[in-house]
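J.: Heads up: the sequence lines are chains A and B, in that order. Sequence positions in the first sequence follow UniProt numbering and run 1 to 352. Sequence positions in the second sequence follow UniProt numbering and run 1 to 352.
One or more hints might be untrue.
One copy or two, it doesn't matter: identical chains are merged, so the pair holds either way.
Stated by the list, open to error - Below, a list of computed lysine-lysine pairs in the DSS-like style, where the Cα atoms sit at most 25 Å apart:
(1) LYS97 / LYS211
(2) LYS39 / LYS124
(3) LYS39 / LYS276
(4) LYS263 / LYS211
(5) LYS97 / LYS206
(6) LYS172 / LYS314
(7) LYS206 / LYS39
(8) LYS9 / LYS314
(9) LYS352 / LYS206
(10) LYS344 / LYS292
(11) LYS124 / LYS314
Keep in mind the hints are simulated off the structure, nothing from the lab.
Protein chains: 2
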Amino acid sequence: MENNISIEKSKTTKIQDVDFNNLSFGSVYTDHMLVCDYKNGAWETPKIIPYGNLSLDPASKIFHYGQSIFEGMKAYKDEAGKIFLFRPTDNHARLNKSAERLAMPSIPESHFMEGLETLLKLEKDWIPTTAGSSLYIRPFMFATGVGFHASPADAYKLIIACAPSGAYFSGKVKVLIEQTYSRAANGGVGYAKAGGNYAGQFYPTKLAAEKGYQQIIWTDDNTHEYIEEAGAMNVFVRINDTLMTAPTNDRILDGITRKSILKIAEDEGIQTEVRKIKVSELVDAANNGSLKEIFGAGTAAVISPLAGFGFDGKDYDLPELEAPFSARLKKRITDIQYNRAEDKFGWRHEVK
Amino acid sequence: MENNISIEKSKTTKIQDVDFNNLSFGSVYTDHMLVCDYKNGAWETPKIIPYGNLSLDPASKIFHYGQSIFEGMKAYKDEAGKIFLFRPTDNHARLNKSAERLAMPSIPESHFMEGLETLLKLEKDWIPTTAGSSLYIRPFMFATGVGFHASPADAYKLIIACAPSGAYFSGKVKVLIEQTYSRAANGGVGYAKAGGNYAGQFYPTKLAAEKGYQQIIWTDDNTHEYIEEAGAMNVFVRINDTLMTAPTNDRILDGITRKSILKIAEDEGIQTEVRKIKVSELVDAANNGSLKEIFGAGTAAVISPLAGFGFDGKDYDLPELEAPFSARLKKRITDIQYNRAEDKFGWRHEVK
Chain A
1 MENNISIEKS KTTKIQDVDF NNLSFGSVYT DHMLVCDYKN GAWETPKIIP YGNLSLDPAS
61 KIFHYGQSIF EGMKAYKDEA GKIFLFRPTD NHARLNKSAE RLAMPSIPES HFMEGLETLL
121 KLEKDWIPTT AGSSLYIRPF MFATGVGFHA SPADAYKLII ACAPSGAYFS GKVKVLIEQT
181 YSRAANGGVG YAKAGGNYAG QFYPTKLAAE KGYQQIIWTD DNTHEYIEEA GAMNVFVRIN
241 DTLMTAPTND RILDGITRKS ILKIAEDEGI QTEVRKIKVS ELVDAANNGS LKEIFGAGTA
301 AVISPLAGFG FDGKDYDLPE LEAPFSARLK KRITDIQYNR AEDKFGWRHE VK
Chain B
1 MENNISIEKS KTTKIQDVDF NNLSFGSVYT DHMLVCDYKN GAWETPKIIP YGNLSLDPAS
61 KIFHYGQSIF EGMKAYKDEA GKIFLFRPTD NHARLNKSAE RLAMPSIPES HFMEGLETLL
121 KLEKDWIPTT AGSSLYIRPF MFATGVGFHA SPADAYKLII ACAPSGAYFS GKVKVLIEQT
181 YSRAANGGVG YAKAGGNYAG QFYPTKLAAE KGYQQIIWTD DNTHEYIEEA GAMNVFVRIN
241 DTLMTAPTND RILDGITRKS ILKIAEDEGI QTEVRKIKVS ELVDAANNGS LKEIFGAGTA
301 AVISPLAGFG FDGKDYDLPE LEAPFSARLK KRITDIQYNR AEDKFGWRHE VK
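For reference, chain A alone in the conformation it holds in the complex:
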């Protein structure tokens, strides 16, 4: 361990209080967390301490100027008890991409990976093994430096916390294609996993929920003619037998599940297209029966199939298919994640 990560063990454990057969998403935390402070222009050595409250000055910039980024990852345990991560260095790279856009310091890969692996080995009993469950991992970084001046902070904290979790969504959801609100600007921070991107979605989602929709499909902020993301996920559309998704840009997150799905789909011989997708195409395809599937893709839910969508005051149902792409692709990706299948793309990362 190059970084000599110190471990302060918790005197007690909460693990016996957890019902591993009835886990919700991200609401129970393990006994420890990794903490790494950035001060005076450098990252200190990461340390593992008991999970517990943080003490912060009210003038810390996290409370004022939104310098806050995060990642979502999962740890999986196979039948032999081996622990795996899925493309973890991609999460690290994206965390640094988000950090750059929010004028926050980048974190060295060794701090991140060694810290994460040390934490996971300590918390290995917390990784659930019931179907669909995993240890959700939340790396996040925020501004601890103080001051009311609207400028980047001079101190930051990286934390990695873990939460044994069941599936993120249950059942098929009905979404509203948004025509008024937007989640991202051209030249903005939409591609970053920045806290502010999520806060801005809550109110429009609440309005959609009042109309009977569980989520929103976001469209471009200028014309609202092109679909971009589904809630906090990337969005895939299947018209006839072609699977398509919008290209990443400065408004759309470069999702790790998204790019893995594209790769697996190609491997499955599914025709894929990465291109701008017009709302009017979806409506036309729904009307003529060629629209087969829409699903969201992200770490938390993996793949979240939609039951239908609303647009311009009208609802469109999606067909119930015998063998949807969504189920086939989800099986392929989760079989790799849980070490139930060959890892031909080299995505699995064993923690040992």
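Using the hints, position chain B against chain A.
T.: Chain B only, in chain A's frame:
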């Protein structure tokens, strides 16, 4: 006092450590702060406690999903020692407007105003009286409710902290008219004082600083043809003797200084126009000599005159005027704020 605000006095004071003749902006905090918690669907009674660290669960949504809003206000002390606020109920109303857009609870005016006034009376010795200085007041609200699920928190904290402050900016600044990055989307949260709006500005501002500009003039995210804000301020342009500013919309903050300046300018007999302003107009006016002034307007700086701007690789200087509108308007507004002139618009609010 309807709300029976409790006061826990600090055992010590830091006031003797403060050099009131050399105050920077927002970096020294008074002895006390107001704290009000929202739990179980209701605001608790505000309380005043010694300024000090907050203890927060690492899963609090402020660290993950950016539910964070704030206001900027000032308290002024006149020669007789009377304390004044400037249009404080407008700040309260805007805080609630921001809260709605970020799916946060609105705060009752009585909690806000009584809490603020009680705090100011306690901290009255902290209000500086040297020229241009004031007690900067920072009301802010953020999500304390916990969970990694991307949804609004169920608990929040409103805090009002105070910082005796000198002037925000010194000297005239040169700005870059931004053509790549943007601060706000149509249908986004640009009009709210949301933390995330500020974090997104830091990186482009850093890039501009590397080119020799102190600030950015933001343009619309779609065409970059229209100017919207200057840094974290509203922007005013004077062409010949007409003063103009962009109309507020969902991308532009409804600034209290902005609307006060418009009112005072009208009262001064200055021709004003509230309309979209093209970058090309500025360039043409700079070239033909009719561009007289550009200035930012906001609570912290009041009015911040610009020395020039850069656009498309070219720099444009603004003339040095004998009697600029900026100085005249700043004098009018600060004379009202510091109780040095008649308050014909009813903007002053005495704290007694």
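J.: When no copy is named, should LYS263 and LYS211 be tagged within, between, both, or neither for a Cα gap of at most 25 Å?
T.: neither (36 Å within a copy, 41 Å between copies)
J.: Cα distance capped at 25 Å. Does LYS344 pair with LYS292 within a copy, between copies, both, or neither?
T.: This pair counts as neither: shortest intra-copy Cα distance 28 Å, inter-copy 66 Å.
J.: Is it within, between, both, or neither for LYS172 and LYS314, if the alpha carbons may be no more than 25 Å apart?
T.: For LYS172 and LYS314, only the intra-copy Cα distance (18 Å) is at most 25 Å; the inter-copy one is 54 Å.
J.: When Cα atoms must be at most 25 Å apart, do LYS352 and LYS206 count as within-copy, between-copy, both, or neither?
T.: Answer is neither: 43 Å inside a copy and 41 Å across each miss the 25 Å cutoff.
J.: State whether the alpha carbon distance between LYS206 and LYS39 is at most 25 Å within one copy, between copies, both, or neither.
T.: between (39 Å within a copy, 19 Å between copies)
J.: Between LYS97 and LYS211, at a C-alpha cutoff of 25 Å, which is it: within one copy, between copies, both, or neither?
T.: between (36 Å within a copy, 22 Å between copies)
J.: Are the CA atoms of LYS39 and LYS124 at most 25 Å apart within a copy, between copies, both, or neither?
T.: neither (31 Å within a copy, 34 Å between copies)
J.: For the identical chains here, do LYS97 and LYS206 meet the 25 Å Cα criterion within one copy, between copies, both, or neither?
T.: This pair counts as between: shortest inter-copy Cα distance 16 Å, intra-copy 30 Å.
J.: Regarding LYS9 and LYS314, is the shortest C-alpha distance of 25 Å or less found within a copy, between copies, in both, or in neither?
T.: neither (56 Å within a copy, 59 Å between copies)
J.: How would you label the pair LYS39, LYS276 (within, between, both, or neither) given a Cα cut-off of 25 Å?
T.: Answer is neither; intra-copy 42 Å and inter-copy 43 Å both fail.
J.: Between the shortest in-copy and the shortest cross-copy C-alpha distance, which are at most 25 Å for LYS124 and LYS314: within, between, both, or neither?
T.: So LYS124 and LYS314 fail the 25 Å test inside a copy (48 Å) and across (59 Å) alike.
When held up to the earlier numbered hints, the structure conflicts with 2, 3, 4, 8, 9, 10 and 11 and fits the remainder.
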